[in-house]
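Visitor: From first to last, the protein sequence lines stand for chains E and L. Positions 2 to 234 (the numbering used here) are the ones given, in order, by the first sequence. Positions 8 to 260 (the numbering used here) are the ones given, in order, by the second sequence.
In short, the hints are calculated from the structure, not lab data. Fair warning: this is a prediction, and the values are worked out from it, not measured in the lab. Don't take each hint at face value.
Quick list of simulated restraints, FRET-style, between CB atoms [unchecked claim]:
1. E:Val54 to L:Lys224: 31 to 39 Å
2. E:Gly78 to L:Asn234: 30 to 38 Å
3. L:Ala106 to E:Thr57: 33 to 41 Å
4. E:Ile86 to L:Glu107: 21 to 29 Å
5. E:Pro10 to L:Asp134: 49 to 57 Å
6. L:Asp216 to E:Pro160: 15 to 23 Å
Ideal Cβ placement from N, Cα and C applies to all residues, glycine included.
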Amino acid sequence: MLDLHGYGPAIFMGAVLTIEVAFLSLLVALVLGLLGAVAKLSPYAPLRFIATVYTTVIRGVPDLVLMLLIFYGLQIGMNTLSDWIYERFDYDFFINIDEFVAGVLTIGFIFGAYMSETFRGAFLAVDKGQIEAGIAYGMNKGKVFRRIMFPQMMRHALPGLSNNWLVLLKTTALVSLIGLTDMTRLAKEASASTHEPFVFFVPVAAIYLLITIVSEVGFKAVEKKYSVGVVRG
Amino acid sequence: MKKILIALAGVLAITTMSVQAADWSVVRLGVDATYPPFESKDANGKLVGFEVELGEAVCKEMGVTCEWVVQDWDGIIPGLLARKYDAIFSSMSINPERAEQVLFTEPYYTTPSGWFAKKSSSYNATDLATLAGARVGVQRGTIQDSYASDKLAGKATIVRYTAADEIVIDLFAGRLDLVLIDVPVGEDLLAGDTRGGDFGLLGSFVLGDGAAAALRKRDTDLADMMNKALRTVKSNGVFDAIRVKYFSYDIKM
Chain E
2 MLDLHGYGPA
12 IFMGAVLTIE
22 VAFLSLLVAL
32 VLGLLGAVAK
42 LSPYAPLRFI
52 ATVYTTVIRG
62 VPDLVLMLLI
72 FYGLQIGMNT
82 LSDWIYERFD
92 YDFFINIDEF
102 VAGVLTIGFI
112 FGAYMSETFR
122 GAFLAVDKGQ
132 IEAGIAYGMN
142 KGKVFRRIMF
152 PQMMRHALPG
162 LSNNWLVLLK
172 TTALVSLIGL
182 TDMTRLAKEA
192 SASTHEPFVF
202 FVPVAAIYLL
212 ITIVSEVGFK
222 AVEKKYSVGV
232 VRG
Chain L
8 MKKILIALAG
18 VLAITTMSVQ
28 AADWSVVRLG
38 VDATYPPFES
48 KDANGKLVGF
58 EVELGEAVCK
68 EMGVTCEWVV
78 QDWDGIIPGL
88 LARKYDAIFS
98 SMSINPERAE
108 QVLFTEPYYT
118 TPSGWFAKKS
128 SSYNATDLAT
138 LAGARVGVQR
148 GTIQDSYASD
158 KLAGKATIVR
168 YTAADEIVID
178 LFAGRLDLVL
188 IDVPVGEDLL
198 AGDTRGGDFG
208 LLGSFVLGDG
218 AAAALRKRDT
228 DLADMMNKAL
238 RTVKSNGVFD
248 AIRVKYFSYD
258 IKM
């Protein structure tokens, strides 16, 4: 068995943080992704423009750079404002942007762009006749979305979603850059103090793999739910 | 839906922001805890090392409460400028590039930089010409990196790493011929591995102006407080009492 030199519990706590960050950013990404997809398919040009800028810029810049830019950039911007107030009004204050919230929002913001594209493709895959049938039944736009579009769209979106989720999970390792100690960072600290790097990266890799396997099972179940009524093969 | 989102965003914004005034009753020290024996984390997650103890002593002398903030080295200056902490207390060597961005206190220690390589190698550390064609490992953004980049550019291949322990792993793995790092860190890393016996220190020299705490430029009042406290702990024996726990030789500056 691996000798973790007593760092086991610390790395376990790091795994909890990793899972928290991953799940919450997934929620943010899903909401942003849905909004982005709807905006991209909207008949209003300004909405389409904003959504296109969002997905293009975010998907075109490396996650690492975005993380630094959003987290430190936002804080430095906030500080510039408080410096300005200090100089003008002699009122000194400091607003601290919480690392956890910033990490979740940044990762959510990044993956929202990828989700937008996944959802957009899935929306387009739903047969137009389905929507027309819904309207013919007298459903309003909200009902058509909830009862017809969304359930059918999800079936097409799920493979892409699970893909995005797995990439997102591993992107959470970047949060150490903004001062959060996730399991990758804790493994790094532990290996630095014991000079045994591989001992700590092996359990970390195993935990990532475990989360992956569990979510594969989860996705299978959801896929089954949304494939009801569809004959395969 | 929109209203709910706006309300959520508002709640989030309020709960995550805390307003603090800079009266220095609490000083937050930023540290990258991957640099034993200066700073590292033990199995309980507690910060340990020479610089951690020195930092505590300086805070005690200043009469302030210190909070340690652990931060990755790559983001350590941005974090200071973004006011995630008030001072970097993490073996940061004084150099002109950094001095443009931060305000250094007086230096508190200096350790020689050293060339480490296989004992059987034929490199001569005092004659850089013998290093032609070698693969040299340094930690990115350190004074050793600046030195190697300056002296060996075009002659040897310089490989840059984010952490000192990674450099030594590659030295053991045979992917590097030489490494240039802080002597105590290098010795500590060699001593911590069974393969360390085959490697040794080829030569050492003093590089740079020592390590100091780094502050934001506007916090000159905190710099004055820290300098005063540093001078006191250096002269009243507190510094030496901490030093003998970690080093057999004097590193005071």
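Visitor: Taking 30 to 38 Å as the stated bounds, is the beta-carbon spacing between E:Gly78 and L:Asn234 within them?
Guide: holds, 31 Å
Visitor: With 33 to 41 Å as the target window, see if L:Ala106 and E:Thr57 comply at their CB atoms.
Guide: Between L:Ala106 and E:Thr57, where Cβ atoms are some 39 Å apart, the hint holds.
Visitor: Between L:Asp216 and E:Pro160, does the beta-carbon spacing fit 15 to 23 Å?
Guide: Hint violated: Cβ distance 57 Å, outside 15 to 23 Å.
Visitor: Take the C-beta atom of E:Ile86 and the C-beta atom of L:Glu107, compute their distance, and say whether it sits inside 21 to 29 Å.
Guide: holds, 26 Å
Visitor: Taking 49 to 57 Å as the stated bounds, is the beta-carbon spacing between E:Pro10 and L:Asp134 within them?
Guide: About 50 Å separates the Cβ atoms of E:Pro10 and L:Asp134, which means 49 to 57 Å holds.
Visitor: Do the Cβ positions of E:Val54 and L:Lys224 conform to the proposed distance bound of 31 to 39 Å?
Guide: holds, 36 Å
Hint violations for this structure: number 6 only, all remaining hints satisfied.
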